[in-house]
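Peer 1: Kindly generate the complete structure, drawing on both the sequences and the hints.
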Amino acid sequence: MKSIAELEAIRKRAQDGVKLRSERDGVRVVVGMATCGIAAGARPVMMALVEEVNKRQLKNVVITQTGCIGACRLEPMVEVYKGEEKTTYVKLTPEDARKIVAEHLVNGHVVKECTIGAYEK
Amino acid sequence: MDLYRSHVLVCGGTGCVSSESEKIIDTFNELLVEHGLDHEVKVVRTGCFGLCEAGPVVVVYPEGAFYSMIKVSDVPTIVEEHLLKGRIVTDLLYKDHTTAETMNSIDDVGFYKKQRRVALRNCGVINPESIEEYIAFDGYQALGKVLTEMTPDQVIDIIKHSGLRGRGGGGFPTGMKWEFTQKAAGDLKYVACNADEGDPGAFMDRSVLEGDPHAIVEAMAIAGYAVGASKGFVYVRAEYPIAVKRLQIAIDDAKENGLLGEDIFGTGFDFDMEIRLGAGAFVCGEETALIASIEGKRGMPKVRPPFPAVKGIFDKPTLLNNVETFANVPQIILKGAEWFASIGTEKSKGTKVFALAGKINNTGLLEIPMGTTLRETIYEVGGGIPNGKAFKAVQTGGPSGGCIPAEYLDTPIDYDNLISLGSMMGSGGMIVLDEDNCMVDVARFFLDFTEEESCGKCTPCREGTKRMHELLDKIVDGKGTMEDVEKLETLAKTIKGASLCGLGQTAPNPVLSTLKYFRHEYEAHVIDHKCPAGVCAALLQYLVIPDLCKKCGICAAKCPVNCISGVKGKEVYLIDQDKCIKCGACLDACPFKAIKKG
Chain A
1 MKSIAELEAI RKRAQDGVKL RSERDGVRVV VGMATCGIAA GARPVMMALV EEVNKRQLKN
61 VVITQTGCIG ACRLEPMVEV YKGEEKTTYV KLTPEDARKI VAEHLVNGHV VKECTIGAYE
121 K
Chain B
1001 MDLYRSHVLV CGGTGCVSSE SEKIIDTFNE LLVEHGLDHE VKVVRTGCFG LCEAGPVVVV
1061 YPEGAFYSMI KVSDVPTIVE EHLLKGRIVT DLLYKDHTTA ETMNSIDDVG FYKKQRRVAL
1121 RNCGVINPES IEEYIAFDGY QALGKVLTEM TPDQVIDIIK HSGLRGRGGG GFPTGMKWEF
1181 TQKAAGDLKY VACNADEGDP GAFMDRSVLE GDPHAIVEAM AIAGYAVGAS KGFVYVRAEY
1241 PIAVKRLQIA IDDAKENGLL GEDIFGTGFD FDMEIRLGAG AFVCGEETAL IASIEGKRGM
1301 PKVRPPFPAV KGIFDKPTLL NNVETFANVP QIILKGAEWF ASIGTEKSKG TKVFALAGKI
1361 NNTGLLEIPM GTTLRETIYE VGGGIPNGKA FKAVQTGGPS GGCIPAEYLD TPIDYDNLIS
1421 LGSMMGSGGM IVLDEDNCMV DVARFFLDFT EEESCGKCTP CREGTKRMHE LLDKIVDGKG
1481 TMEDVEKLET LAKTIKGASL CGLGQTAPNP VLSTLKYFRH EYEAHVIDHK CPAGVCAALL
1541 QYLVIPDLCK KCGICAAKCP VNCISGVKGK EVYLIDQDKC IKCGACLDAC PFKAIKKG
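Quick note, the sequences are listed as chains A and B, same order. All residue numbers for the first sequence refer to the working numbering, where the first residue is 1 and numbers rise by one. All residue numbers for the second sequence refer to the working numbering, where the first residue is 1001 and numbers rise by one.
Source of the hints: derived by calculation from the structure; they are not laboratory data. Hints may contain errors.
Claimed, not checked - Below, computed lysine to aspartate or glutamate pairings styled on EDC-like, alpha-carbon distance capped at 16 Å: (1) 12/A / 1132/B; (2) 12/A / 1138/B; (3) 1231/B / 1263/B; (4) 1113/B / 1096/B; (5) 1255/B / 6/A; (6) 19/A / 1040/B; (7) 2/A / 1096/B; (8) 1145/B / 8/A.
Peer 2: Below, the structure is given as structure tokens:
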């Protein structure tokens, strides 16, 4: 190692690999991963979220899974918890998931057309 | 690089490895492939989590779900439920001893709440065999800062101002040791790390080496820069194979990445290090004996002065610090002397790692700020004493320490308080004793150890520990007199004052402290011929209580020496005291509690 910059570069790269373990608060993105969710295609949605969050190097975002949310007909479902505010997205595709990361998590705008409210109308 | 949505951390400390954690890791990996999750979920082998009582430990992130006592057969459930479907397996989660509550997240576990992790900060968090993970958690930043921004004098100043004291037992101010070595005249100097952890039941150094080996590599390089040394030795016992292996991997990786070797960070500073294996002699933890052993000689202590800082390995000035001491160094450099000095008490700064064992619910490794009371440590972190038994004493400092009775439970733990109570910090062993422990027997246990480990060089220790052991044997056998107790005390004081090294100077401590606080137990053995705790076999009697005996004969059937006589259904049974071997089989066998021990 010939310089501090070199160490810093390794650190930046390596931190992405371990941030799951250090971040305990911030935005929580929960994917419904019960049998109903998985059958409806929750897995590709989840992986799209993981990829997009890492690509954009977002800090303070935790992606976890949960069991059946109860509205199986609306799967794949994703819930975003930002402080007190909770948004429920339904019938998602991997593309929708990427859009949610870009619009909701980065820019702070809820993707209205994917929310449960928009669908139920 | 693959992206993972979840990390499964499995404890790879020696304790959990001995309960099949390697097999658990293999099973996780196999099942993840089978379910097509191997690109989403990563399995990481970490160092010790500290809560060894609950091992093998598995923690799943991002939830932080804390699974305890996991068996290989539990792995499919965790994979299929938690990792595949996102349902945390509640049945396998850790349950708190005191509240009987199930803990969802590692952050909620009471054992960790009062702890403050400085030396153990990476243990149970990173993969110790990955230099990248260490770097991700600010590893080698301190070395970079020291080499590019600070002079050796500034480094020593920070260590001095932090108030860090040696964690191996003596508690000597670390900064002063560094300064002495720096100021010593010599063309060649060495840095050495004492990882010859010998106290029975102590395993903090092993856990640091197993869980965060790079911290030691980094700290030794920093020390090398500060004192002007370019070569380091780690003296570790061969009985720690996992620690040795991981430390070697760390050294090799550091060399490969140019963090050891020549011209580190392009600053012209060279530092290299190697491991020396010890054969596990207790005396080799004493610094002059350790140095002799590194030089390839028989491990025996020498008279000091000259101290190692002046004349150490191969007669060159040598800085010798303990593993835990070194583990604090990178943090002090990064966060500053004031930060470190803000933790702890007036004269003992920072935190201390303890290995908690004996009659305690949460057996394991814990790190608490200096000044935490014994009561908080034992009842809040340690979870109290099992089976509702009464606390009798806590033994600190291993064979060199002493026993502290219940009336001092509210004493804040620091170097000076423990010494004033007749015990010592030592390397941090903490053995909890309850009403079923005989203090004379405890003292005898430690004497048995020090007698065995005495190197034999000086007479007070070689002969004295043997004579003390004989006197204790006599008392335990019920043949002791009050003169023997007095003789024991005189002998102990003489050995303490006249021995050459720390081993002999501290070996009488278990006897002296039990005599000080539990003299009544010695007297009970000698005068009343009774062992109040019911431990010493020669002073025990098993008796049938005639009123409770139902004449069933089960005791007689169980007795291995046929010393219980009676007639089934007609006659109360009787134990022949001359033949009885005091095994206690009858007591356990009697369904009516009609046999008493006394």
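Peer 1: Of the numbered hints stated earlier in the document, which are not met by this structure?
Peer 2: 7
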